[in-house]
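S.K.: Listed here are the chains, written in short residue letters.
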Amino acid sequence: MLAAAREYCRQKMGNVATSELLTEDCAALAYFRYGLATEIASYLGETSELVKELFLYPDELDDGPSVTLPLTLIVRVARQTAALESICDSLQRDLLKEYQKIVCPAGDCLSVFANIALVDDDEFAKRTGLAVTIGSLYSPALLVWHR
Amino acid sequence: MEQCHTETEQCLMVQYCRTLATAFDLGDFLSKTADLVLAHASSADDVIVLLYDDLRQRLTPLSASNCDERQIVGEIPVEPGSSPISRVFDAGDVYLFTDKEADQVARELFGPAAPWSAPPMFLSVPMAIQGTRIGCVLFSRRHPEMFSPRDTVLLREMVDILSLYVYKARTLEMGQKKRFSELVSTLSHELRTPLTYIKGYTTTMLSESDMWSAEACREFLEIIDSEADMMKKLLDDLMESSLIESGFLRIRKGPVLLPRLAHKAVEDAGLNSTKHRFVVVFPHDFPVIEADPNRIRQVLDNLLDNAVKYSPQGGLVVTQGSVEEKVVTISVSDEGIGVAPEHLNRLFEKFYRVKSDLAGIGLGLPVASEIIEKHGGRMWARSTPGKGSTFCFTLPITELSRRARGVELDKATQG
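Chains as they are written, first to last, in numbering that gives the first Met the number 0: chain A, 0 to 146; chain B, 0 to 414.
Chain A on its own, in the form it takes in the complex (with noise of 0.2 Å):
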């Protein structure tokens, strides 16, 4: 999925290497989030029928570009389940495994990485807890993955 995600980051930028994404660039690190969520929107999506819509956080980049930022998607789900939370669970981790080594090869800098938090329908209803930032007129989730 990192793999994807640098090459889409690549297509965008122009041959954009794991160094621009280092140096902190601003539009690259928007771009290699924005790939892998896509990337992870369309595994969660084949893996379960339950998955409906997958969002972008809004992470502030404004204040400078960081590539320890964590990313946090916002998926919403017809119900929420154990099955869910386990793929999602495993996928935090090996994410993290696997981009601490991008990132910051001789240690470990990252405690977390991908943050993927379930919505279901009735959470949405109420505007509860992540739900709100999903057409929020201020600072809306983007919309990255629908079935």
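No lab work stands behind these hints: they were computed from the structure.
Among the clues, some could well be false.
What follows is a set of in silico ranges between Cβ atoms, one per label pair, in the way DEER data are often shown [stated by the list, open to error]: (1) A:3 to B:312: 27 to 35 Å; (2) A:120 to B:267: 53 to 61 Å; (3) B:227 to A:131: 52 to 60 Å; (4) A:131 to B:252: 50 to 58 Å; (5) A:128 to B:183: 20 to 28 Å; (6) B:313 to A:131: 27 to 35 Å; (7) B:235 to A:3: 53 to 61 Å; (8) B:269 to A:120: 24 to 32 Å; (9) B:238 to A:57: 34 to 42 Å; (10) B:198 to A:128: 19 to 27 Å; (11) B:224 to A:3: 43 to 51 Å; (12) A:128 to B:214: 51 to 59 Å.
Just so it is clear, CB atoms sit at the ideal spot from N, CA and C, and this is done for glycine as well.
Following the hints, put chain B in place on chain A, whose structure we already have.
M.R.: What follows is chain B alone, placed relative to chain A:
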């Protein structure tokens, strides 16, 4: 306590409490109690324990020391005014029988063939739990020295402790009888159901053998085969449980590639269900584990089988593994009906079933848990009703795993 005990009495009570802690059953405890009391110089020469059967309203002898309880002439009816023992039991107080009354008690207990040449005195101490009478203990003394108030207090305290132990032992026994009865009923039902199918289809094929096409015959035979497998699994589970109880469950450890084992288990589980989608997620650097592959496969099969059984609408079943510093954790998650919190803690109890209308006698999880514990791991579950369940177990990362991992890393560096 109403008065301070002497040092001897304190020693006796300490010994008595130790006896309670070390006795392995009620009979052993009663025997040791009697020995202690009889050894204590100022206590008694005989100890007879009578338990009250409230259904039949009788006092039945439970144990007797220094005299054979078989000599006690059966049960003593508890009826108003019927006998000294009955009268005192009804009153619920400590009572000392002497002289003629003691003689009456001796005859009531042993009939005309009382084992003493001269009637002893009897001190009757009631056994009660929270105001409910459960029996009485008769202490007899043959020498003329009366039971002193100190003796009475001491013996009463001992009988209070004895009452608690007897009450617990009886409650446990009743619980065991009830569980055994339920088990027999469940087993009978679980075995009868597949047997009915087997018998039915076999009889049909034999009696109307010309009517059925080859296809129909094959279908019937497949059903018979499947039901026979179910019976075999039930009996295998029972046998496993019995092996565990008796400590004969053998674990033969060797290097195991868990991801491969899990993939195979999932593949086989997928053959039995078209409604479910199976996903296996293991990190590529998952270590080699030292375990019994057949037993771990048995655990995985059980967890996958439960995931399918408890998600009848279908959905995702995820088997994943993760690596921590000293252990690996494997989990199986589903999208099924889930388990209510009040059942969660009891899932690993033998013969406990959350839903009795589903097949199985409630041995799969306890056996799986025992297998994992024998490997040095642990098993647990988490669940939310309506959202599905996740069953997890850990296995230790051993020296073998670390050495194997070292070899892999070396190869990767050289490659």
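S.K.: With reference to the structure, classify each hint as holding or not holding.
M.R.: For each hint, the structure was consulted:
no. : hint                       : verdict
1   : A:3 to B:312: 27 to 35 Å   : holds (33 Å)
2   : A:120 to B:267: 53 to 61 Å : violated (35 Å)
3   : B:227 to A:131: 52 to 60 Å : holds (57 Å)
4   : A:131 to B:252: 50 to 58 Å : holds (52 Å)
5   : A:128 to B:183: 20 to 28 Å : violated (50 Å)
6   : B:313 to A:131: 27 to 35 Å : holds (32 Å)
7   : B:235 to A:3: 53 to 61 Å   : violated (47 Å)
8   : B:269 to A:120: 24 to 32 Å : holds (29 Å)
9   : B:238 to A:57: 34 to 42 Å  : violated (60 Å)
10  : B:198 to A:128: 19 to 27 Å : violated (57 Å)
11  : B:224 to A:3: 43 to 51 Å   : holds (47 Å)
12  : A:128 to B:214: 51 to 59 Å : holds (56 Å)
Hints 2, 5, 7, 9 and 10, counting from the list given before, are not met by this structure.
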